[in-house]
Amino acid sequence: MGFLTADPIRLETLMSQVTAPERGGVVTFLGLVRNHHGGRSVIGLEYSAYEPMAELVCHQLIAETESMWPVRAALRHRLGRLGIGEVAVAITVAGHHRDEAFTACRHLIEELKRRVPIWKRETYADGTEAWVDPTGPGAVRSEEREGMIPW
Amino acid sequence: MGFLTADPIRLETLMSQVTAPERGGVVTFLGLVRNHHGGRSVIGLEYSAYEPMAELVCHQLIAETESMWPVRAALRHRLGRLGIGEVAVAITVAGHHRDEAFTACRHLIEELKRRVPIWKRETYADGTEAWVDPTGPGAVRSEEREGMIPW
Amino acid sequence: MALSGTNPPTIRVRLFARYAELLGAEYLDLPAAAETTVSDILAHVRALPGGAGIGESTLIAVNLKQAAPDFMVMPGDEVAVLPPLAGG
Amino acid sequence: MALSGTNPPTIRVRLFARYAELLGAEYLDLPAAAETTVSDILAHVRALPGGAGIGESTLIAVNLKQAAPDFMVMPGDEVAVLPPLAGG
Numbered sequence: 001m002g003f004l005t006a007d008p009i010r011l012e013t014l015m016s017q018v019t020a021p022e023r024g025g026v027v028t029f030l031g032l033v034r035n036h037h038g039g040r041s042v043i044g045l046e047y048s049a050y051e052p053m054a055e056l057v058c059h060q061l062i063a064e065t066e067s068m069w070p071v072r073a074a075l076r077h078r079l080g081r082l083g084i085g086e087v088a089v090a091i092t093v094a095g096h097h098r099d100e101a102f103t104a105c106r107h108l109i110e111e112l113k114r115r116v117p118i119w120k121r122e123t124y125a126d127g128t129e130a131w132v133d134p135t136g137p138g139a140v141r142s143e144e145r146e147g148m149i150p151w
Numbered sequence: 001m002g003f004l005t006a007d008p009i010r011l012e013t014l015m016s017q018v019t020a021p022e023r024g025g026v027v028t029f030l031g032l033v034r035n036h037h038g039g040r041s042v043i044g045l046e047y048s049a050y051e052p053m054a055e056l057v058c059h060q061l062i063a064e065t066e067s068m069w070p071v072r073a074a075l076r077h078r079l080g081r082l083g084i085g086e087v088a089v090a091i092t093v094a095g096h097h098r099d100e101a102f103t104a105c106r107h108l109i110e111e112l113k114r115r116v117p118i119w120k121r122e123t124y125a126d127g128t129e130a131w132v133d134p135t136g137p138g139a140v141r142s143e144e145r146e147g148m149i150p151w
Numbered sequence: 001m002a003l004s005g006t007n008p009p010t011i012r013v014r015l016f017a018r019y020a021e022l023l024g025a026e027y028l029d030l031p032a033a034a035e036t037t038v039s040d041i042l043a044h045v046r047a048l049p050g051g052a053g054i055g056e057s058t059l060i061a062v063n064l065k066q067a068a069p070d071f072m073v074m075p076g077d078e079v080a081v082l083p084p085l086a087g088g
Numbered sequence: 001m002a003l004s005g006t007n008p009p010t011i012r013v014r015l016f017a018r019y020a021e022l023l024g025a026e027y028l029d030l031p032a033a034a035e036t037t038v039s040d041i042l043a044h045v046r047a048l049p050g051g052a053g054i055g056e057s058t059l060i061a062v063n064l065k066q067a068a069p070d071f072m073v074m075p076g077d078e079v080a081v082l083p084p085l086a087g088g
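Listed in order, the protein sequences are those of chains V, G, C and R. The numbering of the first sequence is this note's numbering, which starts it at 1 and goes up by one. The numbering of the second sequence is this note's numbering, which starts it at 1 and goes up by one. The numbering of the third sequence is this note's numbering, which starts it at 1 and goes up by one. The numbering of the fourth sequence is this note's numbering, which starts it at 1 and goes up by one.
These are calculated hints, taken from the structure and not from any lab test. A few of these clues could be false.
Residues from chain V that face chain G, not an exhaustive set, calculated with beta carbons under 7 Å [to be verified]:
1. G24
2. V27
3. R34
4. N35
5. G39
6. M68
7. L79
8. G83
9. R106
Quick list of the computed label-pair ranges, beta carbon to beta carbon [to be verified]:
10. V:P70 x C:A43: 28 to 38 Å
11. C:T37 x V:E22: 47 to 57 Å
12. V:D7 x C:D29: 25 to 35 Å
Far from chain G, some chain R residues (derived; all Cβ distances over 12 Å) [stated by the list, open to error]:
13. A20
14. D29
15. A52
16. G55
17. A61
18. L64
19. A80
20. P83
21. G87
Virtual Cβ for every residue (Gly too), placed ideally from N, Cα, C.
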């Protein structure tokens, strides 16, 4: 538990969870709140989650990643209201070598987006708000999002 | 100038150089000093460089990367004596989207290793020292290291 | 249907994000019927006022795990109706 | 060879890391000769005591830029003999 947090994400905490004297390559992905989306000007957003399931899936993602590559991985996702530029998600992966760290970090962010039950409501400069639907009309629709999620 | 530093690398400094409200994906690579190399126990190392050329090539790498992808990139490489676990090299790339940030960050670390004139002398647990030769016998020899570097 | 004393007699259906807004509720307690499947629950929710905005192929989780349409739901189960995910 | 007054009459050859150790020097000032190429300089350095440990295909930079073996070196140029790179 503890992958979701209402507080600002501290990168040092994630780093300290995965680094060790034998691991020389550390790759970190940060997803920051952007000031634009789908051609609209965004001024802030709010994340919500099905928390117990999101925690469970994050736990599974980490375990799965650490079984697929010889790495240690950590992740955090913010909940609640965030301003532009704030860290929404952070993933850190440490491995003996950089190749596996890059591959595993990329895997984790892609799977997080596909499998963790988190939702995002954006607030726009014109005062309107909307739930973000990455699969909806106007969005880039991923083949992988169709049908059953391969849990 | 200023890609090489004798002082500990501060990740926040690199991050602040590349992040902006329109850039939502930030990928960072850290190379840490490992406690092993080629089956030997490493207790520390020392980096040296042909400094003016290393600064020039780093500048070219950043410019080249920013022309190949819509990203901003920053890098630092330590010189001098480092202990196990210290950050030897840091690369941070921010883009509108994560795909380009991952690709550009990977490109930068690979090209840095191929093209920047920096050398590493390792000290081992038995008290001996050696210059690291990534192209030498016993090392993983990369095809790309043969012959002319494509500057 | 005879329920055992240890099971609650209902199935809790949880709604999130846009779906909670559409139905004006974060959860519904449905009476537990025999032979209830995930697709029965989804059809029930889609027939409620506001429920038409829920897609036919919406993902459903039972007790925190994704469940196929023919998965049998038991009294006491927690069934979650998941809008399109937007984390990251 | 007549040198102009503004150019120094030598070529500075810089040595680094293992190569500086092998030759016991961080630089050499070679007299500038006409028609000197990068490979002439490398052959000269390899013939010095300790120079046999420098590979035939060693990378050379002239004035901070990598230079091919037939590149002409001019008086006042800085020629760097680069051991296998090990940054990162």
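So, R34 of chain V near chain G? Judge it on the closest CB pair being under 7 Å.
At 4 Å from the nearest chain G Cβ, R34 of chain V passes the 7 Å test, so the hint holds.
Any Cβ of chain G at or closer than 12 Å to A80 of chain R, or is the non-interface label fine?
Given a closest Cβ separation of 6 Å, the condition is violated.
Just tell me: holds or violated, for the beta carbon distance of P70 of chain V and A43 of chain C against 28 to 38 Å?
violated, 46 Å
A20 of chain R remote from chain G - nearest C-beta pair above 12 Å
violated, 9 Å
Hint R106 of chain V vs chain G: min CB-CB distance below 7 Å?
holds, 6 Å
So is L64 of chain R really clear of chain G, every C-beta pair being over 12 Å apart?
violated, 4 Å
Chain G contact restraint for G24 of chain V - C-beta distance below 7 Å
holds, 4 Å
Is the hinted range of 47 to 57 Å satisfied by the C-beta distance from T37 of chain C to E22 of chain V?
holds, 50 Å
Exclusion check [G55 of chain R not at the chain G interface, CB over 12 Å]
violated, 9 Å
With 7 Å as the cut and Cβ atoms as the points, is G39 of chain V at the interface with chain G?
violated, 13 Å
Just want to verify: A61 of chain R was marked as not at the interface with chain G; is every Cβ pair farther apart than 12 Å?
It is violated; A61 of chain R is separated from chain G by about 6 Å at its closest Cβ, not greater than 12 Å.
Against chain G, with CB atoms and a cut of 7 Å, does the hint on L79 of chain V hold up?
The hint is violated - L79 of chain V has no Cβ within 7 Å of chain G, the shortest such distance being about 18 Å.
In summary, the numbered hints that this structure violates are 5, 6, 7, 8, 10, 13, 16, 17, 18, 19, 20, 21.
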